[in-house]
Each structure stands twice: as C-alpha cells, then as structure tokens.
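*Asks:* Protein chains in written order, with our numbering: chain A, 74 to 252; chain B, 74 to 252.
Keep in mind that the hints were calculated from the coordinates and are not lab data. Possibly wrong hints are sitting among the right ones.
Pairs count within a copy or across copies, as identical chains cannot be separated in the list.
[To be verified] Below, simulated EDC-like cross-link-like pairs (lysine to aspartate or glutamate); rule was C-alpha separation at most 20 Å, straight line:
#1 Lys82 / Glu214
#2 Lys82 / Glu211
#3 Lys82 / Glu139
#4 Lys201 / Glu214
#5 Lys90 / Glu109
#6 Lys201 / Glu79
#7 Lys91 / Glu109
#8 Lys82 / Glu163
#9 Lys204 / Glu214
#10 Lys127 / Asp229
#11 Lys204 / Glu166
Number of protein chains: 2
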Amino acid sequence: MAEPPEVVKRECVFRGKKVVLEVQTVRAAGRTSRREVVLHPGAVAILAFPEPDKVLMERIWRYALEREMLEIPAGTLEPGEAPEACAARELEEETGYRAGRLERLLAIHPSPGILSERLEVFLAHDLKAGKPRPEAGEQIEAVLVPIDEALAMIQDGRVTDSKTVAALLFWERFMSESA
Amino acid sequence: MAEPPEVVKRECVFRGKKVVLEVQTVRAAGRTSRREVVLHPGAVAILAFPEPDKVLMERIWRYALEREMLEIPAGTLEPGEAPEACAARELEEETGYRAGRLERLLAIHPSPGILSERLEVFLAHDLKAGKPRPEAGEQIEAVLVPIDEALAMIQDGRVTDSKTVAALLFWERFMSESA
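I would like the entire structure built from these sequences, with the hints used as guidance.
*Replies:* Now the structure itself:
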C-alpha cells in the first residue's frame, strides 16, 4: 500500500454506555472524505465442552436483530478488564460454569469496515458446573449442543453468529483430535 | 425462552451515511433498561479463486482499526440493492474480476450484540480478469493468496477479519473437493 490514510479530524457524535460514534474526516490518495466509525471496548467469547462431544451454547435475545440467536457465551470488556478475566466472569455469570484454565484460541475483528471491536476467543479447560448469575433483564438460556449438530447448524444457516462460526470451525480445523 | 423482550421506545441519536445509532428502551423479564443498537444496511463478501488453489484477497485500510487488513472482497448494500447484485458490483469495482455466476455460500451476523448487520457470502464462478474501478479515496490492493497460506494466516492470527475467517473455513469444511 502507498501512504496510509490520515485522519484529519475526529468528531464524537454520540458517547453511549457501550459504544462511541465518531465521524472522521480522512485524507487518502489526495482526497478528503468522511467516515463513520463505531468505537467498541472489545469483547471475548468462550468455547467450552462440558461433556464429551458437546459444546456449550446460549439462546440469547439480540436487540440489534430483534430475534433470538444461538451463540457461544460471550461478553464485552469492562473498562480496564483483561480479556481472560472477562471470559472467566462472563462464562460463570451466563452459564454457571467455572473454567480451571482458559487458553487463547483466536482473535477476530467482527466488522472492520465500521466497528473497532476486537473479540478474543478462549478455549475453556477443567470445567465445573454451577449456578448462573444473569444480569438484571438478561434472558440467557445455556444449552449443550452435540458438536456434529452445531456444525450442521452452521452448514444450513441456523447458526450465523460470526464468533460462533469462526470459533467452532477454527477449533475443529486446527485444534480438535481429528484435525 | 420465556416472553421475548419488548422495545418500549426507540430514539434515533445519530443518522449517518452508513449507520444509524438508536437507543432503545426495552422491557425484559419485568425490568426496563436501555440498549444501544447500531443499525446497518447489510453487506456482502465474495470468495473467489481466480487461479487453482489461490484465493482472491485485498489489502485494505480500515479506519475503524487504523490499520491495514487482509480480507476477502466485500461491500455494503446500497439502498434497495439485492445482495447478489452488490457482490457482482463490489467484486468488479475493487478487484476488476467479473463473475459469470455467484453462488450463495453462507450468511453471518458479524456482531449481534450491538450491530444489526447481516453479511452474505457468495462463491464466485467463471471469473474473468479486468480493470478495477476503485471509488475515490479508496485504497485497495487485490492479491492472490495460496489457500494453504491463507489458512496458515488464519491459524497464526495474521488474518482476523471475521467474514474472511468464517468464509474460508466454511468453504474448506463444507464445499471444497477435499471436504
């Protein structure tokens, strides 16, 4: 690539609880244009297999899509929180499971054209079941899904969450016994 | 899941060129809370193999991340545009390649916790090379990457774009000759 584009001006147009919306005036290849950027604190997801050949997933209501989704457990980083600590916290809050050890699996940028979010996926080891402690107003139902069924749901489009698709296919391709 | 949550009030706090930011007051499990939702028109991506065992990718500057990324070609839907038409247009504009046929491969929701975006991935067939016609100020460099190298870059974290990770692993798992 030639010269990297330059941000000439940043205008914060909305500062929310979770995201900040910035309008940037940028200069690239001699032209000035405006870009909308959604600044996000970052997130984590957890791939966990509490029983042989079963993956821990959640039925969760997604306001942005106005529907329920089937996803692996995940959450947004609190200010100053380390990804691994966030993963341990979210896993326990949402599903009740405690991980003896969390292994970094991969990181993804969910939507780099508009969103600064970076999401780190951890593989959970040495799981112990417990009681979930959902946040007020959160409706999350933890479910154990046979791996073959989760893969079939990716193939036929019933599972479409990008972190879930990426994490499960990544794990199967690069990490599982059969890989 | 019990009763689906209900959106009590929608407040548009920013209407941009590409996204709309809405603050929703929602009622779930008897509690009222506020949610930030980024409304996005939807997007497409294209998985193309112009040469045997080589995948078409792009080096593209991402303002949201302030860095260059290596991704498969993609673009945002224009108002009223069909995903397949958008895929054909973006592929040709950004890389110069024309597809004789586009096959729907999978759809993903890149970041369902905050973003309404749905992204559809097409597999391009019968490719013909041509001249790219980039939009003003866009810096995109098309590159042909051996599939094995692209997979190695997913494994070691040099490729982190969620649509690229999901599309390549999906294709290899469910669509390629060796699957």
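*Asks:* Could you figure out if Lys127 and Asp229 sit no more than 20 Å apart (CA to CA) within one copy, between two copies, both or neither?
*Replies:* within (19 Å within a copy, 26 Å between copies)
*Asks:* At most 20 Å between CA atoms: does that hold for Lys82 and Glu139 within a copy, between copies, both, or neither?
*Replies:* between (35 Å within a copy, 14 Å between copies)
*Asks:* Could you figure out if Lys204 and Glu214 sit no more than 20 Å apart (CA to CA) within one copy, between two copies, both or neither?
*Replies:* Within one copy, since 12 Å is at most 20 Å while 51 Å is not.
*Asks:* Given a CA cutoff of 20 Å, do Lys204 and Glu166 count as a within-copy pair, a between-copy pair, both, or neither?
*Replies:* within (8 Å within a copy, 53 Å between copies)
*Asks:* Give the relationship of Lys82 and Glu211 under a CA distance limit of 20 Å: within one copy only, between copies only, both, or neither.
*Replies:* between (38 Å within a copy, 18 Å between copies)
*Asks:* Indicate which option fits the pair Lys90, Glu109 if close means a Cα-Cα distance not exceeding 20 Å: within, between, both or neither.
*Replies:* both (18 Å within a copy, 8 Å between copies)
*Asks:* Within, between, both or neither: how does the pair Lys91, Glu109 come out at a Cα-Cα threshold of 20 Å?
*Replies:* Close inside one copy (16 Å) and across copies (7 Å); limit 20 Å.
*Asks:* Which holds for Lys82 with Glu214 at a C-alpha limit of 20 Å: within a copy, between copies, both or neither?
*Replies:* So Lys82 and Glu214 fail the 20 Å test inside a copy (44 Å) and across (25 Å) alike.
*Asks:* Measure nothing new, just compare the shortest in-copy and cross-copy C-alpha distances for Lys201 and Glu79 to 20 Å and report within, between, both or neither.
*Replies:* Result: close neither inside a copy nor across copies, 49 Å intra and 34 Å inter.
*Asks:* For Lys82 and Glu163, with the copy left unspecified, which applies at a CA distance of at most 20 Å: within, between, both, or neither?
*Replies:* Answer is neither: 36 Å inside a copy and 28 Å across each miss the 20 Å cutoff.
*Asks:* Using 20 Å as the alpha carbon limit, work out where Lys201 and Glu214 are close: within a copy, between copies, both or neither.
*Replies:* within (18 Å within a copy, 48 Å between copies)
Figure legend: structure checked against the earlier numbered hints; hints not met, in rising order: 1, 6 and 8.
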